[in-house]
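Peer 1: Make the full structure from the sequences, and use the hints.
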Amino acid sequence: MAFSRIIPGWEVLNNFKQPLTLGEKHIINYLDKNLPKDELHDSNSDLISYNGWLIFVQPYLNGNRPDIILFHPQKGVQIIEVKDWSLKNYSSQKINGNKVQFYVHDIRGEYPIKSPLLQAKFYRTKLIGELVPQIGEYLDKIEQVLVCYSVYFHNATTEEAKNFIKSSESIYKYHPVFGFDSLKENKLSEIIPELRYKYSKWDKSFNKEVLFWLIPPFHSLEQTIRIDLTPEQKVASNPQKGHHRVRGIAGSGKTLVMAYRAGKLASEGKRVLILTFNITLWHYIRDMIQRSPFEFSWSQITFDHFHGFCKTYLNNLGVSLPQHGENLQEYFKTTIPSIVNNYIHQISEQDKYDAILIDEGQDYFMEWYLMLCNFLTHNDEILVLCDKRQNIYSRNMEWLDRRKTEVKKFGDWYELKNNLRLPVKIFELTNKFSETFNLNQDVKLNNKYNTGQLNFEEEHFLWWNVEPMKWMDKIFEAFDLIKHKADYKHNSDIAILLPDSLLGYQCVEHFYSKKNLYVNHVFEKENEKKLHTHKRAFWMGDGKLKLSTIHSFKGWEVKNVILYINRNDIVADEVLDKIVYTAMTRTKQNLVVINSHERYFDFSKNVLNNWD
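FYI, numbering that gives the first Met the number 0 numbers position 584 of the sequence shown as 583, with every residue one higher than the one before it.
The hints are simulated quantities; they were obtained by calculation from the structure and are not laboratory data.
Be aware that a few hints might be false.
With a Cα cut of at most 20 Å, we get these calculated SDA-like pairs of lysine to any residue [unchecked claim]: (1) Lys-87 <-> Asp-105; (2) Lys-387 <-> Glu-325; (3) Lys-240 <-> Arg-401; (4) Lys-93 <-> Ser-169; (5) Lys-172 <-> Leu-194; (6) Lys-233 <-> Lys-263.
Peer 2: Structure follows, in structure tokens:
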């Protein structure tokens with residue numbers, strides 16, 4: 000059967016609810032006619048083996064859907080934003096040096112819009128910084144671009160297009176801006192930069208993940224691993240219309256409920272939006288959904304965090320976010336959702352979801368929840384999962400408790416009362432800590448035993464009170480203890496959680512200088528950030544020792560946790576209690592607490608260390 004490298008094929012493209020523009024059709028035909036193709040490839044072969052350029056039209060890309068993405072499995076990626084604009088209705092001017100402001104003119108007046116080139120760049124950032132972050136880190140180490148972005152103006156010449164964008168030739172070299180007069184066979188390398196190079200540094204190990212986000216596969220039952228849910232999990236994981244709340248302690252299986260519910264919703268043909276605390280948790284939750292016993296297309300599920308979702312929606316509308324001022328909390332709490340609310344009237348059916356599932360609901364503001372309600376279809380399903388003991392940002396939770404008049408739809412709480420992850424002795428320690436420091440006790444426990452998995456390895460914990468100057472020595476001692484006494488050969492099974500970036504960076508340097516160990520960490524100095532522009536916030540998928548702040552590690556779990564607590568006059572005691580609790584509950588096996596804060600000295604007197 001003949002293979003069409005335009006994905007999806009013309010039969011599907013011609014039946015899009017929103018028809019392709021003339022510009023999109025024109026450049027697709029030009030690219031298909033002129034780009035190198037693999038004549039030997041057939042429709043039964045894996046796209047990873049395709050030796051030519053594939054043309055993806057409005058690909059999934061985790062719900063972003065750029066106009067065109069070109070992908071060569073041996074060479075790289077190019078993103079093309081297509082504009083059918085008549086430039087007489089648009090203008091641009093430089094302000095504040097090199098910054099360019101763009102405007103559209105109509106009968107109502109003049110309005111600012113986002114740079115088309117920045118719109119295309121946004122998709123690149125999504126791809127290499129969030130969806131396949133390994134690419135971003137790889138690009139920091141090499142000198143080739145490999146993932147280009149570009150803009151095609153169908154109703155303008157290349158000269159007119161460049162004059163409008165007002166960027167530099169150094170930018171255009173790798174991120175072309177071009178018009179209809181460049182769509183000639185002899186100008187192909189001017190608009191597809193990768194064609195200029197005989198050899199490419201593209202790493203083929205990225206291909207499977209890139210293709211997952213461009214053309215999501217179908218999830219079949221053969222790919223599942225049996226999941227045994229508790230009765231309370233089964234109830235909470237069953238989709239139903241309306242707004243629902245789930246609360247449970249750390250280790251009670253909240254994320255598994257979300258994953259199971261998402262898989263079932265997708266299998267029913269529902270569009271699902273999953274919002275997590277941070278970017279890297281998407282991949283963890285995606286792996287959990289992979290285990291769900293349902294058949295569905297992955298294109299039914301979109302992953303994001305709240306502000307990423309806002310930025311995506313605004314980018315698709317060509318709207319720029321203003322720079323934040325000194326009050327960051329106000330900017331994130333109200334400014335961003337307020338801007339989205341200004342464009343609520345432009346929400347299309349394609350922007351809406353049948354269900355929105357929110358992890359770490361204790362981190363949310365009421366304003367965020369109310370804004371998200373506008374993106375629901377008539378199915379009107381929301382699930383919010385939370386643990387008030389982990390409210391480390393001290394959010395006001397009244398909206399989730401239905402004590403705000405603006406919030407009327409939530410039903411009764413689903414409660415997860417069983418410990419499914421934490422080792423028994425660690426659970427007893429963290430629960431005692433929670434009671435001692437008066438953390439939220441809304442959820443009454445049924446079972447302290449780890450009923451979620453069989454654990455044949457003995458768990459251990461240690462609590463050391465140390466002088467502040469000796470914290471680093473104790474970190475090394477704890478690391479050696481876990482490596483040798485607990486016999487953990489893989490550094491990736493260990494996470495060291497620290498209170499701030501300064502101590503974190505010191506620890507990173509010490510592990511390199513004393514033990515010649517490279518670590519996976521979130522700590523960088525300002526001058527290093529310029530060299531590592533694509534560094535991931537945090538990533539579990541490698542074999543390195545993990546070093547992180549407690550905040551960045553929230554939501555993750557690992558077999559061994561080493562936690563350092565220092566005196567912190569900036570954070571209120573009641574907030575610090577939640578931070579410490581959150582950190583201690585990240586372990587699945589062993590825990591070492593190194594404490595320099597007098598607030599916890601009395602508590603530690605009753606802690607019975609079980610690791611000699």
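Peer 1: None of the hints should be skipped; say for each whether it holds.
Peer 2: Going through the hints against the structure:
1. Lys-87 <-> Asp-105: 11 Å, holds
2. Lys-387 <-> Glu-325: 28 Å, violated
3. Lys-240 <-> Arg-401: 18 Å, holds
4. Lys-93 <-> Ser-169: 17 Å, holds
5. Lys-172 <-> Leu-194: OK: Lys-172 and Leu-194 at ~12 Å, within 20 Å.
6. Lys-233 <-> Lys-263: It holds: about 12 Å lies between the C-alpha atoms, which stays within 20 Å.
In summary, the structure is inconsistent with hint 2 from the numbered list given earlier, while agreeing with all the others.
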